[in-house]
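> What follows is the residue order along each chain.
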Amino acid sequence: MIRFFVFLIFLFLYIPIAYVVASSFMDGGEITGKWFAKLFEDPIVIRSFYNSLSLAVLSTLFSVILGTLAAYAFLRTNLRFESLFYTPIVIPEITEALSLLLFYKLLSFPLGFYSVLLGHIAFNIAFVFVIVKARLSTQLRSVEEASLTLGANEIQTFLRVTIPMAMPGIVAGSLIAFTLSWDNFVKTVFTTGPGFQTLPLLIWSQAARGIVSPSLNALTTLMLLISFILAYLYARISIRRE
Amino acid sequence: MVEFAVELDGVCKSYSNFEAVRDINLKIRKGEFFSILGPSGSGKTTILRLIAGLLFPDRGSIRLMGEEVTSVPPYKRNVGMVFQELALFPHLNVFENVAYGLRVRKTPEGEIKKKVKECLEIVNLDPETFGKRKINQLSGGQQQRVAIARALAIEPSVLLLDEPLGSLDMKLRHHMMSELKRIQKVVKTTFVYVTHDQSEALVMSDRIAVINAGRIEQVGTPAEIYETPATKFVAEFIGEMNFIPAEVHNGGLISEIGMMKVSKINGAKRVLVAIRPEKIKLGCPELDNVYSAVVEEVAYLGGFLSLKARINGICLKCLTSSDLRIEENQRIELGWRADDAIVFEA
Amino acid sequence: MRHFLALPFLVYLLIFFYIPFLIVLLYSFGFPSFTLKYYSEILDHLTLKVFINSLILASITTALCLFLAYPVSYYIALKAGKWKNFLLILVILPFWISFLLRTYAIMTLLTPLGLMFTFPAVVIGMVYDYLPFMILPLYASLERLSRSQIDASYVLGAKPYETFMRVTLPLSKPGIIAGIILVFIPALGEFVVPAMLGGTYATIGTITWDLFLRYHNWWKGSALSVVYMAIVLFAITVYIKRSGRIEL
Numbered sequence: 014m015i016r017f018f019v020f021l022i023f024l025f026l027y028i029p030i031a032y033v034v035a036s037s038f039m040d041g042g043e044i045t046g047k048w049f050a051k052l053f054e055d056p057i058v059i060r061s062f063y064n065s066l067s068l069a070v071l072s073t074l075f076s077v078i079l080g081t082l083a084a085y086a087f088l089r090t091n092l093r094f095e096s097l098f099y100t101p102i103v104i105p106e107i108t109e110a111l112s113l114l115l116f117y118k119l120l121s122f123p124l125g126f127y128s129v130l131l132g133h134i135a136f137n138i139a140f141v142f143v144i145v146k147a148r149l150s151t152q153l154r155s156v157e158e159a160s161l162t163l164g165a166n167e168i169q170t171f172l173r174v175t176i177p178m179a180m181p182g183i184v185a186g187s188l189i190a191f192t193l194s195w196d197n198f199v200k201t202v203f204t205t206g207p208g209f210q211t212l213p214l215l216i217w218s219q220a221a222r223g224i225v226s227p228s229l230n231a232l233t234t235l236m237l238l239i240s241f242i243l244a245y246l247y248a249r250i251s252i253r254r255e
Numbered sequence: 460m461v462e463f464a465v466e467l468d469g470v471c472k473s474y475s476n477f478e479a480v481r482d483i484n485l486k487i488r489k490g491e492f493f494s495i496l497g498p499s500g501s502g503k504t505t506i507l508r509l510i511a512g513l514l515f516p517d518r519g520s521i522r523l524m525g526e527e528v529t530s531v532p533p534y535k536r537n538v539g540m541v542f543q544e545l546a547l548f549p550h551l552n553v554f555e556n557v558a559y560g561l562r563v564r565k566t567p568e569g570e571i572k573k574k575v576k577e578c579l580e581i582v583n584l585d586p587e588t589f590g591k592r593k594i595n596q597l598s599g600g601q602q603q604r605v606a607i608a609r610a611l612a613i614e615p616s617v618l619l620l621d622e623p624l625g626s627l628d629m630k631l632r633h634h635m636m637s638e639l640k641r642i643q644k645v646v647k648t649t650f651v652y653v654t655h656d657q658s659e660a661l662v663m664s665d666r667i668a669v670i671n672a673g674r675i676e677q678v679g680t681p682a683e684i685y686e687t688p689a690t691k692f693v694a695e696f697i698g699e700m701n702f703i704p705a706e707v708h709n710g711g712l713i714s715e716i717g718m719m720k721v722s723k724i725n726g727a728k729r730v731l732v733a734i735r736p737e738k739i740k741l742g743c744p745e746l747d748n749v750y751s752a753v754v755e756e757v758a759y760l761g762g763f764l765s766l767k768a769r770i771n772g773i774c775l776k777c778l779t780s781s782d783l784r785i786e787e788n789q790r791i792e793l794g795w796r797a798d799d800a801i802v803f804e805a
Numbered sequence: 679m680r681h682f683l684a685l686p687f688l689v690y691l692l693i694f695f696y697i698p699f700l701i702v703l704l705y706s707f708g709f710p711s712f713t714l715k716y717y718s719e720i721l722d723h724l725t726l727k728v729f730i731n732s733l734i735l736a737s738i739t740t741a742l743c744l745f746l747a748y749p750v751s752y753y754i755a756l757k758a759g760k761w762k763n764f765l766l767i768l769v770i771l772p773f774w775i776s777f778l779l780r781t782y783a784i785m786t787l788l789t790p791l792g793l794m795f796t797f798p799a800v801v802i803g804m805v806y807d808y809l810p811f812m813i814l815p816l817y818a819s820l821e822r823l824s825r826s827q828i829d830a831s832y833v834l835g836a837k838p839y840e841t842f843m844r845v846t847l848p849l850s851k852p853g854i855i856a857g858i859i860l861v862f863i864p865a866l867g868e869f870v871v872p873a874m875l876g877g878t879y880a881t882i883g884t885i886t887w888d889l890f891l892r893y894h895n896w897w898k899g900s901a902l903s904v905v906y907m908a909i910v911l912f913a914i915t916v917y918i919k920r921s922g923r924i925e926l
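Protein chains in written order, with the working numbering: chain L, 14 to 255; chain Z, 460 to 805; chain S, 679 to 926.
Honestly, the hints are just simulated from the structure, not real lab data. It cannot be assumed that every hint is accurate.
[As the list claims (entries may be wrong)] Pairwise CB distance ranges, derived in the manner of DEER restraints:
id : chain 1 : residue 1 : chain 2 : residue 2 : range
1  : Z       : Met-524   : S       : Leu-685   : 40 to 48 angstroms
2  : S       : Thr-878   : L       : Thr-151   : 22 to 30 angstroms
3  : S       : Val-833   : L       : Met-39    : 24 to 32 angstroms
4  : S       : Ile-697   : L       : Phe-53    : 19 to 27 angstroms
5  : L       : Ala-248   : S       : Arg-822   : 18 to 26 angstroms
6  : S       : Arg-822   : Z       : Met-524   : 25 to 33 angstroms
7  : Z       : Lys-630   : S       : Ser-826   : 46 to 54 angstroms
8  : S       : Ser-826   : L       : Ile-57    : 22 to 30 angstroms
9  : L       : Gln-152   : S       : Ala-908   : 41 to 49 angstroms
10 : L       : Ala-147   : S       : Arg-680   : 30 to 38 angstroms
11 : Z       : Ala-727   : S       : Leu-685   : 32 to 40 angstroms
12 : S       : Phe-764   : L       : Ala-147   : 38 to 46 angstroms
13 : S       : Ile-855   : Z       : Glu-580   : 57 to 65 angstroms
Beta carbons are placed, not taken as given, at the ideal position from N, Cα and C, and that holds for glycine.
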């Protein structure tokens, strides 16, 4: 009986997703790819896609650098007050988003690409920090020392030992940071200005009015696909680590 | 020609709130298998890290092969180190692990190949079979061998080993002990071996430094350390020892078990007389010290019997041949030679 | 010396995370002047109603998630056998999809069912989005419980029901608390789900949106956020005190 119940729960979790994906390929009773073709012809979609992508790539780059350095510093020394580093993870996103909005308003910082990017980084670095730190080998310190005794100086050791050993964590942190930025909505909507639109904002602008449409389904399917690819990559590197 | 591979002269090192080692003077001869033996937290790893250059002393100086290296960074010291956690490079295969030190020295490729092969052979790992393996595909004993080969590849002036056998099981540990001894004979490098395990130190070493609470208690050959411990700590830490409190009266010793004869007495009034269990003999009335005792406990150890015998308030451990038939509560006669007892200040 | 490597990180968080929070605090007291009127304003009956709405919604969501998730976590942790990893992946996968997309997905089903813009629609959407957040911590605590602890209870004469009540349930309590916190806190301030599925059902999330993005009333919006944050910080502090740390 419990088995049947569990089965129903998983149906509940996955039927909506399956339904969106299926209906994005349907036109009446026919299977079609035309909704996707339409997407790729729509200049607003292309523009938003480009915006989302550059946002995700840049915020990943910066948050991985800052977060990894901090995680490394944490491993090497006895820094305290760790909770100061990951507070952004436990604070509800909407609170964070509105406080950034006020911050920008107070400074008269123009709202648009840069305001959104800076906000995304603030949110992502905490995640990168936690993930990289969890994956940094506790043995890293003694392996670095081994490298020093073998004649490699600090810079050689950093390039030949530290970076390669931290790589799984850095890759995992990058994937998480990319995902968080790629489909972020709340933070983006609060800190964006006129003229800067991302894919989630595009979906929101129609879905918020209760509109369900085939082209929206296609767009959602596309974003789901990218999320699944990222999740798959993450799972692969995590499993290889075992 | 330099006589000493490592010289420590008045070396002190403190951490923020405690003194790790104090006034360490050590001269380790070239080609020697030298052990630093002490309980955990005694500062023995600190000494090793000071030699490696992973720590720098607050005071004192360090020389390697006669050369002053007190403030030289580790990568310019050319010491090999085998870490307690082994610290192998998980992202490199066996060959590249061993080649690492040569690569950063920009050694030509052909020479690297030759040297790595040679070092893997020294530690009994077949270069063909193991060269391409990942570190996590190796057993604990094999990882141990790679760590040693990696440290030997740079032809270090001294090889430092930080409790490398700690994580191995009993059987493998005994095997690796004779392996280390063999490797040392082959490469003729100075080995400095840190351990808390006295049997490792006694079996392998040419000389041992016993260290306690950041200070050296005694330096000597295994036999010297065992037979003539310089301090009460050494006597207690190495092997089994019975201690009998006694007082000096008119040049003789009086204790709870009666009068005692010893070969020499130091100046103190209250002393501890130390005697090894195996030096206590049963039923030999001609010995210098003979007492009547009651057997409290008998444990059969195969070739030996381990006894606990009580003389008044003092309980002594004795080791004797298992040919004797001894039972609990039996009254026995035991004794020892005056030369076998060591006297310490109480 | 190495801890300077954490400096850029901390400076960044200070500027883009901690200082903005101080600004919210300032605005809630009427910046640039000083007044408590915005706090008294959010106590009016309309805003109070919103708080109550949010509490009701978050409570129902949390309770439903707990009852639906427990059997699932129990099954994955103790009964799934070779399916365990596969089912775990199915639970974790939704974490990689944003609430916006998942809410849109359930919307495509609610629309033909004619449920849109009703309270049940909001509840279904909330449970749909938050269920994985409950399954995972419950699973983690049940996973730690070993099969032999349950067997020991059977051998000692406890029936399955008694074993569940006396062994399984008490031992999974840390997971239950973690799950409740992970669902209740964000659910309380949830904006996307009620905004997309609920029509006029106002919550802390939707009214925050209105105050900031529609009426530009920074001051009242800030006061509301400060009160919400106070609730959140209280809950998190209690949780950290109990469990010692936060697990991801």
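> All hints, please: hold or fail.
Hint-by-hint comparison with the structure:
{"no.": "1", "hint": "Z:Met-524 x S:Leu-685: 40 to 48 angstroms", "result": "holds (41 angstroms)"}
{"no.": "2", "hint": "S:Thr-878 x L:Thr-151: 22 to 30 angstroms", "result": "violated (54 angstroms)"}
{"no.": "3", "hint": "S:Val-833 x L:Met-39: 24 to 32 angstroms", "result": "violated (56 angstroms)"}
{"no.": "4", "hint": "S:Ile-697 x L:Phe-53: 19 to 27 angstroms", "result": "violated (42 angstroms)"}
{"no.": "5", "hint": "L:Ala-248 x S:Arg-822: 18 to 26 angstroms", "result": "holds (22 angstroms)"}
{"no.": "6", "hint": "S:Arg-822 x Z:Met-524: 25 to 33 angstroms", "result": "violated (55 angstroms)"}
{"no.": "7", "hint": "Z:Lys-630 x S:Ser-826: 46 to 54 angstroms", "result": "violated (30 angstroms)"}
{"no.": "8", "hint": "S:Ser-826 x L:Ile-57: 22 to 30 angstroms", "result": "violated (60 angstroms)"}
{"no.": "9", "hint": "L:Gln-152 x S:Ala-908: 41 to 49 angstroms", "result": "holds (42 angstroms)"}
{"no.": "10", "hint": "L:Ala-147 x S:Arg-680: 30 to 38 angstroms", "result": "violated (19 angstroms)"}
{"no.": "11", "hint": "Z:Ala-727 x S:Leu-685: 32 to 40 angstroms", "result": "violated (59 angstroms)"}
{"no.": "12", "hint": "S:Phe-764 x L:Ala-147: 38 to 46 angstroms", "result": "violated (24 angstroms)"}
{"no.": "13", "hint": "S:Ile-855 x Z:Glu-580: 57 to 65 angstroms", "result": "holds (59 angstroms)"}
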